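Student: Produce the entire structure from the sequences given, and follow the hints as far as they go.
Sequences listed follow chains R and E, in order. Each residue of the first sequence is one higher than the one before, counting from 0 in numbering that gives the first Met the number 0. Each residue of the second sequence is one higher than the one before, counting from 0 in numbering that gives the first Met the number 0.
Since the hints were derived computationally from the structure, they do not count as laboratory data. Certain hints may be false.
According to the in silico footprint, chain R covers these stretches of chain E (three or more CB under 8 Å from chain R) [claimed, not checked]:
| id | stretch |
| --- | --- |
| 1 | 264-274 |
| 2 | 340-349 |
With a cut-off of at most 27 Å between alpha-carbon atoms, the simulated DSS-like pairs for lysine-lysine come out as follows [stated by the list, open to error]:
| id | chain 1 | residue 1 | chain 2 | residue 2 |
| --- | --- | --- | --- | --- |
| 3 | R | K133 | R | K74 |
| 4 | R | K125 | R | K170 |
| 5 | E | K267 | R | K127 |
| 6 | E | K267 | R | K125 |
| 7 | R | K188 | R | K127 |
| 8 | R | K188 | R | K170 |
Chain R residues, not near chain E, derived (Cβ > 12 Å throughout) [what the hints assert, rightly or not]:
| id | residue |
| --- | --- |
| 9 | I1 |
| 10 | R10 |
| 11 | L48 |
| 12 | Q108 |
| 13 | K127 |
| 14 | E139 |
| 15 | G167 |
| 16 | A187 |
| 17 | E199 |
| 18 | D219 |
| 19 | R225 |
As the structure is a prediction and not an experimental result, all values here were calculated from the model. All C-beta atoms in this analysis are idealised placements derived from N, C-alpha and C, irrespective of residue type, glycine included.
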Amino acid sequence: MIYQVENLTVRVNDNGGKPLVNNVSFSIGSGEIVALVGASGSGKTTTALAGLGLLADGLIVASGRVLFEGDDLLKIPPVQLRRFRGRRIAVVFQEPLYAFDPLFTIGAQIDEVLEVHFGAHAAERKDKALALLKRCGIEEAERVYRSYPHQLSGGLRQRAMIAQALAGEPKLIIADEPTSSIDVTLQAKVLELFQQLRKELNLSILLITHDLGLVRHLADRVVVLRQGEIVEQGRVGHVLTAPRHVYTQQLMAAGG
Amino acid sequence: MKDYHKSEFQIALGSFLRNRAAVVCLWVLGLLYAGAIFADFLAPYSYQNEDRDYSYCEPTRVHVRDEEGRWQRPFVYGMTVSFDQYHKRVYQEDRARKYPVEFFVQGDEYRPLGLLSSKLRLFGVAPEGRIHVLGADSRGRDLFSRILYGGRISLSIGLLGVAISFSIGLLVGGIAGYYGGRVDNILMRVCEMFMMVPGFYLLLALRSVVPANFNSMQVYISIVVILSFIGWAGLARIIRGMCLSLREREFVLAAKSMGVSDLGIIVKHVLPHTISYSIIAVMLSIPGYILAESALSLIGLGIQDPYASWGNLLSEAMGILQIQFAPWILIPGLFILVTVMCFNVIGDCLRDVLDPKIKKL
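Tutor: Given below as structure tokens:
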């Protein structure tokens, strides 16, 4: 197991109410794709980002452990946790238009990740960045490298975002609704890209989504969250063909 | 080129250049700065060159015709001084002494960048004669030359002061806004402490801390530091407000998730987004530094004689008699006025161009 979440509980600071994430446990094996599904506000993103210390202001981890290769991320001081971010665990965000800084080119932003984690010479880093873009299926890597985020199409932007996530050579990628901002034909290509990357790099992926079609195509296992609690988890085949919980059935019905 | 092919910068530049007043002001500032930079060459005398026989001598008239009305190359007459019944100096042209105005002459020595030695000056007259385009001060020093040399201090102090205070203001504002919470609280209370004290008194108090035996360079630097010390707080507060909203943007979270350090995020992904405000604020706050330096020098706490700044040149014009008999010593004030006005006009124009919230429809 590369990534284990054990009894994670997240609540609003000094608030006695219901926790946002309640006693959640699941794990991801090396090279495995696990989907975290649930409606909006069910705590998917909070669960995923808690381990990286990226919770929104005012949220605290009340209890639980988040283990990455045996280290409890919640116990690592912030300065050292920074070395995990991007380098061991990277995040692909839902809307790359907002996740890229509009003031800098794609190249500069990939370069920044490379510089933070590896240093090396500028020319070397550029070669590496171009190679990453190509690996993510971008043929005009040079042009994309020089472009600002708003100059690219949604599909290219999403690929560039994935390239940036790969820059730190992470072992786990947290993909937060990676396809909901692009249209259906491009979604299929991005799915392909994820599968290919998993195969080639033995990447583990934590897929956050409410799109069960995506889960069926991509994920090995699925964790269903509802109001911060796990209602069901298991192999995709089992859960999606014979959902035991009413909520899962509702989700499937809603997804068509 | 249609507007949609242009970058944001090109569009802004275009509408800036369409504002005629701003372009004129930019040219004027350009001339003033060029005058200050090339003062050694443009000024006919060094800032210390004095001739007591020319104390408060009026602006020299340049003649092109002699007494018989014949055309000649430009020349000036020597001046003789006498006193009227009120013991006021009266200057008269001595028609017997003629000095042609010459260009590219050998004048007072100067050392550009402290390396070379040169005596080449744009214009001048032969020794014995003196040319004072804008008149002379109490010690018979050329006002025009001293204004050019004074510009070096008065014009650079604004830029330097702004550079320092903006570095501090941006950093403090960025840190306060990015971290929020207790850090924000402490930093903002510190800012308020600086803003609480009336600026000019703080200026005087800080100036009194500086040892009296400093040489002119040290005084200059201490004035810059003192001015920056006062100026950063207001900016920090506004930047802090902008950063509070910027840190909620998703690219900040994304940068964090990529392992970029907090300082890296502040400097690279938060502060650059405040640039249009910062540019405007820089332009509009430079005049404050120029005026503050003038005020300090005017009351004798700034740049000391024999070094010139526009403020200490103006300090000669504090008596009614001097202003009455030698009104040209007010000219440095005109330079301050024009400079401050130019910066304000340019700043206003930049605000129109860069701030979309008040863009004209």
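Student: All the hints need checking, so say for each whether the structure fits it.
Tutor: Verification of the supplied hints:
{"no.": "1", "hint": "264-274", "verdict": "holds (count 4)"}
{"no.": "2", "hint": "340-349", "verdict": "violated (count 0)"}
{"no.": "3", "hint": "R:K133 to R:K74", "verdict": "37 Å, violated"}
{"no.": "4", "hint": "R:K125 to R:K170", "verdict": "22 Å, holds"}
{"no.": "5", "hint": "E:K267 to R:K127", "verdict": "22 Å, holds"}
{"no.": "6", "hint": "E:K267 to R:K125", "verdict": "19 Å, holds"}
{"no.": "7", "hint": "R:K188 to R:K127", "verdict": "23 Å, holds"}
{"no.": "8", "hint": "R:K188 to R:K170", "verdict": "22 Å, holds"}
{"no.": "9", "hint": "I1", "verdict": "18 Å, holds"}
{"no.": "10", "hint": "R10", "verdict": "18 Å, holds"}
{"no.": "11", "hint": "L48", "verdict": "8 Å, violated"}
{"no.": "12", "hint": "Q108", "verdict": "8 Å, violated"}
{"no.": "13", "hint": "K127", "verdict": "15 Å, holds"}
{"no.": "14", "hint": "E139", "verdict": "20 Å, holds"}
{"no.": "15", "hint": "G167", "verdict": "7 Å, violated"}
{"no.": "16", "hint": "A187", "verdict": "25 Å, holds"}
{"no.": "17", "hint": "E199", "verdict": "21 Å, holds"}
{"no.": "18", "hint": "D219", "verdict": "24 Å, holds"}
{"no.": "19", "hint": "R225", "verdict": "25 Å, holds"}
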